[in-house]
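Based on the sequences and whatever the hints tell you, model everything.
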Amino acid sequence: MTRNHTPKTLAVLLRARMQSDPIPTPPPPRTGPDPDPAATPAATVRHWLHASASAASPSAAALDSFSDGYRSLDRVGRREILCSLATEYDVPRARVRDLMRQYMGVASAAAASGADGAEAEEEVKEGAASALYRMERGLRDALRPRYAGFLEAMNAQPGGLKLLAVLRADLLALLGEENAPALRALDSYLKEKLVTWLSPAALTLHHITWDDPASLLEKIVAYEAVHPIRNLIDLKRRLGVGRRCFGYFHPAIPGEPLIFIEVALLKDMAASIQEVLWDDPPTPESEATCALFYSISSTQPGLSGINLGKFLLKRVIDMLRRDMPSVQTFATLSPIPGFMQWLLAKLASQIKLSETESEERNSLGGACSTFRESILLPDEERMIHDAIEQADGNQGIELLQDILKSRQWVKSEKLLAALKSPLMRLCARYLAREKKRGKALDAVANFHLQNGAMIERINWMADQSEKGIQQSGGIMVNYLYRLENIEEYALSYSGTGLIHSSSSLSQYLEASKYCTYVYIMNEKKKGETFLR
1 MTRNHTPKTL
11 AVLLRARMQS
21 DPIPTPPPPR
31 TGPDPDPAAT
41 PAATVRHWLH
51 ASASAASPSA
61 AALDSFSDGY
71 RSLDRVGRRE
81 ILCSLATEYD
91 VPRARVRDLM
101 RQYMGVASAA
111 AASGADGAEA
121 EEEVKEGAAS
131 ALYRMERGLR
141 DALRPRYAGF
151 LEAMNAQPGG
161 LKLLAVLRAD
171 LLALLGEENA
181 PALRALDSYL
191 KEKLVTWLSP
201 AALTLHHITW
211 DDPASLLEKI
221 VAYEAVHPIR
231 NLIDLKRRLG
241 VGRRCFGYFH
251 PAIPGEPLIF
261 IEVALLKDMA
271 ASIQEVLWDD
281 PPTPESEATC
291 ALFYSISSTQ
301 PGLSGINLGK
311 FLLKRVIDML
321 RRDMPSVQTF
331 ATLSPIPGFM
341 QWLLAKLASQ
351 IKLSETESEE
361 RNSLGGACST
371 FRESILLPDE
381 ERMIHDAIEQ
391 ADGNQGIELL
401 QDILKSRQWV
411 KSEKLLAALK
421 SPLMRLCARY
431 LAREKKRGKA
441 LDAVANFHLQ
451 NGAMIERINW
461 MADQSEKGIQ
471 QSGGIMVNYL
481 YRLENIEEYA
491 LSYSGTGLIH
501 SSSSLSQYLE
511 ASKYCTYVYI
521 MNEKKKGETF
531 LR
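Counting along the sequence shown from 1, when you hit position 20 you're at 20 in the UniProt record's numbering, and nothing is skipped either side.
Since the hints were derived computationally from the structure, they do not count as laboratory data.
From a predicted model like this one, the values you see are computed outputs, not experimental measurements.
Hints are not guaranteed to be accurate.
Unchecked claim - Using 27 angstroms as the maximum straight-line C-alpha spacing, the simulated DSS-like pairs for lysine-lysine come out as follows:
#, residue 1, residue 2
1, 414, 467
2, 467, 405
3, 405, 314
4, 439, 191
5, 414, 435
6, 436, 352
7, 162, 193
8, 310, 435
9, 346, 162
10, 346, 414
11, 439, 414
12, 405, 436
13, 346, 467
14, 436, 346
15, 414, 436
16, 346, 310
Now the structure itself:
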């Protein structure tokens, strides 16, 4: 064996090809009638769904058959099964209506008898109350969807939790295509159950190292979603000196983290991902004063919306504080995935408004009105014009849109200098001011802010990868977790949407005050044009 091919390296590279096929275990005996051998795969799975969902205590064999069959279906077959589960095993509304009529009848009778006098009321009070309590219990049971027992039985089955995560991932994809009420109700119920089954008390925090099994390391490589792991050297480096990787594990899904976080131990808060991934040699751990979280990756799309990252972050911070007292700063170096999409949409909208204004002016003989926004400051627009040799009389926002779409601007020092001011200012505004339903528009920002972080600093050209340029123009952001303020910041953000930011962001946010929505009216009067 050569020096370059250690047993660990070969295990990761060759993966399952180096593993012998296990001796197959005979399947357990099936219970209940078998499906029609001529039935389609989806019809066979529906058969096992009915056998499981209709039984008071589904058999393990029926649940296994459903699980195996569902995994083998294509997208169309899975859609059929999900629609069947959501509609055919929903709340039995006819029974609910009957119980409600009975309940209202008993309640009315009790109220009427109470009007006959105190003595009569005392006679019926105990019996009526007992009947009402029984009916309320019946109503609670009836309002429980019929698929509830099936989902709970599947969760208790070996491999069932993983199947339910797959099922919900398919359900979320289906909801993106058809937002049916029954499918939404199924998703809502399943999400609530997953939150309960995946409570922090049921999860184990594990420090992932190079000495872990190759199968686990393969999953870290496969599921890393923020900064792809390029090769085994990169992987070993992220698990070596000055680095930490922690994962949350559930006993029902052994050997596979539900979510994992990567940490760099540094002297100071890093301003670029290049510093984190390429520093050589790494900072000696005894000199580290900052724990920088630079990647959080979820491995299960079906757990979307279940905030395991919040609990993972807090557990890791507590562990690092205990094991490394010299580390006093806890921060992130985070991507800004929605910034360029938001900015390009904003530019396109304002360009369209400008074109409409010009058309109205021409058609109305010079009189028009427009409600639009000045995105660029005058100095910024002038710098962009100066950086373009052939501007052809285009507006600054048109030039900016063309430059950003080309993605070649990062190769020009002149364009980099011209775009730094507007992009940094607009990025600060996007993170701190742009909101959806009262919360930060950017998904990563919302995650950290709801966990109690503040926006500390934005960094120019911090991620120069193709993905980084495409998503955020290369800008990254540091979120800072001030331990003494985490709960206060989380509560204020949750309650009022208040976003806490540092003084370094103030210069950009202050400048953005001068780029506001304005109502412009051009009116032609006595041969002159007035701007109001």
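Evaluated hints:
no. : hint      : verdict
1   : 414 x 467 : holds, 22 angstroms
2   : 467 x 405 : holds, 14 angstroms
3   : 405 x 314 : violated, 39 angstroms
4   : 439 x 191 : holds, 21 angstroms
5   : 414 x 435 : violated, 33 angstroms
6   : 436 x 352 : holds, 23 angstroms
7   : 162 x 193 : holds, 14 angstroms
8   : 310 x 435 : holds, 21 angstroms
9   : 346 x 162 : violated, 41 angstroms
10  : 346 x 414 : holds, 24 angstroms
11  : 439 x 414 : violated, 36 angstroms
12  : 405 x 436 : holds, 25 angstroms
13  : 346 x 467 : holds, 21 angstroms
14  : 436 x 346 : holds, 15 angstroms
15  : 414 x 436 : violated, 35 angstroms
16  : 346 x 310 : violated, 31 angstroms
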